[in-house]
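10 protein chains.
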Amino acid sequence: MLFMLNVRYAPQPQLGDEEAQALRRRHDEHVARLARQETLLGIWRIAGAQANYSLWQADSAEALHEVLSALPLFPHLQVDVTPLAQHPLGGHCRLSA
Amino acid sequence: MLFMLNVRYAPQPQLGDEEAQALRRRHDEHVARLARQETLLGIWRIAGAQANYSLWQADSAEALHEVLSALPLFPHLQVDVTPLAQHPLGGHCRLSA
Amino acid sequence: MLFMLNVRYAPQPQLGDEEAQALRRRHDEHVARLARQETLLGIWRIAGAQANYSLWQADSAEALHEVLSALPLFPHLQVDVTPLAQHPLGGHCRLSA
Amino acid sequence: MLFMLNVRYAPQPQLGDEEAQALRRRHDEHVARLARQETLLGIWRIAGAQANYSLWQADSAEALHEVLSALPLFPHLQVDVTPLAQHPLGGHCRLSA
Amino acid sequence: MLFMLNVRYAPQPQLGDEEAQALRRRHDEHVARLARQETLLGIWRIAGAQANYSLWQADSAEALHEVLSALPLFPHLQVDVTPLAQHPLGGHCRLSA
Amino acid sequence: MLFMLNVRYAPQPQLGDEEAQALRRRHDEHVARLARQETLLGIWRIAGAQANYSLWQADSAEALHEVLSALPLFPHLQVDVTPLAQHPLGGHCRLSA
Amino acid sequence: MLFMLNVRYAPQPQLGDEEAQALRRRHDEHVARLARQETLLGIWRIAGAQANYSLWQADSAEALHEVLSALPLFPHLQVDVTPLAQHPLGGHCRLSA
Amino acid sequence: MLFMLNVRYAPQPQLGDEEAQALRRRHDEHVARLARQETLLGIWRIAGAQANYSLWQADSAEALHEVLSALPLFPHLQVDVTPLAQHPLGGHCRLSA
Amino acid sequence: MLFMLNVRYAPQPQLGDEEAQALRRRHDEHVARLARQETLLGIWRIAGAQANYSLWQADSAEALHEVLSALPLFPHLQVDVTPLAQHPLGGHCRLSA
Amino acid sequence: MLFMLNVRYAPQPQLGDEEAQALRRRHDEHVARLARQETLLGIWRIAGAQANYSLWQADSAEALHEVLSALPLFPHLQVDVTPLAQHPLGGHCRLSA
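Protein chains in written order, with the numbering used here: chain Y, 1 to 97; chain V, 1 to 97; chain W, 1 to 97; chain H, 1 to 97; chain U, 1 to 97; chain L, 1 to 97; chain E, 1 to 97; chain X, 1 to 97; chain P, 1 to 97; chain S, 1 to 97.
No wet-lab data here; the hints were simulated from the structure.
Certain hints may be false.
To be verified - Here's a subset of chain U near chain E, in silico, CB distances under 10 Å, partners left out: (1) P11; (2) G16; (3) D17; (4) R45; (5) A49; (6) L71; (7) P75.
Said to hold, decoys possible - Computed footprint of chain E on chain X; a stretch qualifies when at least three of its residues, placed anywhere within it, have a C-beta under 8 Å from a C-beta of chain E: (8) 19 to 32; (9) 35 to 47.
We put the CB at the ideal spot given by N, CA and C, even for glycine.
Kindly produce the complete structure, drawing on both the sequences and the hints.
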C-alpha cells in the first residue's frame, strides 16, 4: 500500500544547533536504510523549503506509523499522510510503484 | 526537471454529463500518451476523492504549462504545481526518477 | 486497516430534488450492505449538518477507494480520509475495532 | 451522548522532557481508566502524527468537559469536540456505540 | 444541555424568491414555537449579515439534530454547533440559562 | 448594546505558572463584578477548550473595549467581538437580554 | 459609535445584468443619502476589486444593521463589521470622526 | 495617495515588559507627530484587541514603507496594507480625505 | 509607483464560451496597449493555472484601479494588489523597473 | 527558467539581535552577487512588511534550491516558490525577462 507524505521540518524551540545536527545525521542514515528496504520509494525536496514530498510503501497505516514515529527527527517534523489508490493511468507510467 | 502536481477535478457548472464523459475519454488517451513519453512519470489516486498526486518531468515550467493547458479537461481541473529539487536521500530510493 | 472519514453532502447544482431522493434511497441501501459486511464499522451524524464521521475497514486505501467511488452519491460527497493506526490505549476501549 | 474528538499534542514551550514523560505516564493510566469505565469508547492514532480521533460518551458536554479538563496533559492538548447524533444507518454497524 | 450555534443563511442556487419567502414564513413560525418551548433560549442577529448566534437547549446532540433538521430552511443553512459546559463564573450572570 | 465574544486563553510564553494563577484569581473576581453589574450577561465554557462564548452589554464598543482591556488576563486572551442586533424572533426567547 | 466595514460585491448567480444595473443606481442614491446624513462617514475603494472599506456611524449595531439590511444591494454584498473604539492617538488625526 | 492599514501588535517572545513600555512611549510620540503632519489621517482601535484600522496618506508605497519601517514598534507589528482608490460615493462623505 | 498583482481567471457562471472568447480577444489587445505604454511592466503565467503574476506601474492606486476596472475581463478576474517599495538590493538587479 | 518568490523574514526565537545583524550583512552581500550574476532578476519590498516578491532565474528548481539554501538567512526565511511560464502578452512588456 502506498502513501504520499508532505513533510515539513519544524524544529521545537528548545532544540539546540548541535543536537539538531546529530539528530539529522542519525535521521539520514535511518531514512537511507528505509529507502534500501523499499519502505521509502521516492523522496523529492520542495524547492526553497526544508520540506519534501515522499512516497512510502507499507502494509498498513499501522506499519507506516511505526516507521515514522521511530524516525530520529519525528518530534520535529510535521507530516501529512495521504493514502493512495491505483490510478487507472498509473500503468502507463515508468514509475508505476 | 520534476514537478509534483496536486490535481482536483472541479467541473464547471455548465458541463453536461455526456460532454464530461467524452472529454474524459479524450483526456485519458492524451494522458496515457504523456505517460508513455515519460512526461508523466507517476500518478496516484487520492483515496476517496476525484483527485491525484502526479509526478511530471519537463524541461521547464514553460514546457510543463504547455502540456497541462493542452489537456482536454484542463478548464475543469484545479492544479497546484510544486517544483522539486533532488533530495540528498533520493539516490537510495527505487524510484529515483 | 482502519480509516476515519469526514463526509459532507455537497450536491452539485444541477441535481434535481427527485433525482437526489432516488439516489439517496439507493445510497442508503448500498451503505447498509457495506455495514453488514463490516466494511463500514461505525457512522455518526455530525449534529446540525448533513455530514458524518465514519469508521471504515478495508484491506488497503485501494480497496477503500473502490468502495467509496461506487457509492451512488459519490459525485455529491466531499470526503476526507484519515488513515489510522492502533492507539496504545485502544485495547482498553469497548470499541477496539 | 457521544462526541468525536480530534486531539493534537501541542506541548507548551516551557515543558521539559522529563516532566513531559511523567505527565504522559499519569495521563495514559488516567485515560485507560476512562476507557474501562466506557467514558472513552474508542481511540485511533492518526498515522504520522501525535494526534488521535477518539469517541467519547458522557451525559452532557458538561460532564465531558469535566473529564477532559482533568486529564494530566490537558494544558498541552488541542481538542476539537464534535457533538454526534445517531446516524440512520448506524444500526447496521458492528460498532453501533 | 446547552449549545451555541452560529447559523448562516446560504440559499441553494435553485431556490426561487417566492419559495424562499414561503419557507421563511413557515421557518419563523416554527422557530418561534421552539423559543416558547425553551428549546431555543436566545437568538441574536450578527450585524450586517444574514446570520445569527443562537443558544439552544436540548437533552442531547441527538435531540438537537432532530430539531434542527426539521427546520423549514435547514437545507439552506450552514450551522456550526459548539457544545457548552457551565462556566465557573456563569452563576454570577443574569442569563445563567 | 450587545456583543458576542469568543475568547480563547493564549498565555504568552514567558508567563510563569504562579503568576498565571495569581492573575487568574484577580481576573475571576473582576469578571464576577462585571457579571453582577450586568456588563457580562452570560458566559458559557466551550467544551474541551480553555475558551468561552460570552454575551456582553455596553453602551458602545468604546465602553466594551475599556472593560475588556482592564481585565487582568487581557494580554493573554484572544478575543473576537461580534456586534449584535435584535433578531426578529428574539422576543419569543426566555433570554431576551 | 463607529464601525469599520469591509464590503465585497458578490452577486447571486441568478442576478441578471439589467437588474444589477437598476439595483446599483438605486443603491448608489441610497448610500449617497446615508453619507449626507453622516451615517456613512467615509468610503474607500479597494484597488483592483469590487470592494470597499467604509466607516459608519450609528447609535448601535442594531441601528447599523437596520441601515445595512435596507440597502438595495444587501443580498449581493458580503459584509464584515468591526466595532471600533477610540484610539488614544486618534485625537491627533485630521479625521478624528 | 491613501492606504488602509490593519495593524496587530505581536510582540516578539524575547521583548521584556520594561523595554516594551519604553518602545511604546517613543512609538506613541512618533505616531502623534505623523498624525499632526497628516501622514496618519485616522486611527481606530479594534474593540477587544491590541489592533487598529488606520488610514495613511503618502506619496507612494515607497514613502509609506519608509514611514512604517521607522516606527519604534515596527518589528513587533503585523501590518496589512491595502491601497485605496477614490470611491464614486466618497465625495458625499464628511471624511472625504 | 509599482504594484505586484496576482490575477486569477474566475469566469462568472453565466458567461458563455463565445462571449468569453470575444472578451478575451479584446482584453488581450487592451492589455498589450497597456504594456506598450509601460503601465504593465511585466507579466508571467503561473504554471498549470489560468493565473498570472504581473508588475504594474501607475501614479497611484487610484490610477491603477481605473486601468484595471476598464479591462474587458475585469468582472471575471480575481485580483490581489500588493503595493511595492524599493528593495535595498533592487539596484543590483537587471530588472530594476 | 523563471520563478516568482514570496519571501517573509521569520527569525527563529533563539536568534539574537547581533547575530541577526551579522547574518543580514553577509546575506545582503550574497544576494547582491546573485543579482549581478542575473540569478536574481528583480526584487521588490512588500510595503509595510519584512517581506519581498522577487523574480529568480535558474536552469532548474534544482539549481534554484541550491542557491536559496545557501543564503545566510535561509533558516530564518519562509519562501513560497511559484514556477512561471511565458505569458502570451509578456513580449509586449519592457521587463520581458
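(message) Min Cβ distance, U/P75 to chain E: is it shorter than 10 Å?
(response) With Cβ-Cβ at 17 Å, over 10 Å, it is violated.
(request) With a cut-off of 10 Å on the beta carbons, see whether U/P11 makes it to chain E. (result) holds (8 Å)
(message) Restraint: U/G16 near chain E, CB-CB cut 10 Å. Satisfied or not?
(response) holds (8 Å)
(message) Min Cβ distance, U/R45 to chain E: is it shorter than 10 Å?
(response) Since chain E brings a Cβ to about 6 Å from U/R45, closer than 10 Å, the hint holds.
(message) Just to make sure I understand the rule, a stretch counts as covered if three or more of its residues have a C-beta closer than 8 Å to a C-beta of the chain. Does the segment 19 to 32 of chain X meet that for chain E?
(response) That given contact holds, which follows from 3 residues of the segment 19 to 32 of chain X lying within Cβ reach (below 8 Å) of chain E.
(request) Return the status of the interface hint for U/L71: holds when the least beta-carbon distance to chain E is below 10 Å, violated otherwise. (result) This interface hint is violated because 20 Å lies over the 10 Å limit.
(request) Tell me if U/A49 is really an interface residue toward chain E, meaning its C-beta lies closer than 10 Å to one of theirs. (result) holds (6 Å)
(message) Quick check: do three or more residues in the segment 35 to 47 of chain X have a beta carbon closer than 8 Å to a beta carbon of chain E?
(response) With 11 residues in contact (Cβ-Cβ under 8 Å with chain E), the coverage given for the segment 35 to 47 of chain X holds.
(message) Holds or violated: the hint that U/D17 contacts chain E, with Cβ atoms closer than 10 Å.
(response) Hint on U/D17: holds, closest Cβ of chain E at ~9 Å, below 10 Å.
In this structure, the earlier hints numbered 6, 7 are contradicted, and the remaining ones agree with it.
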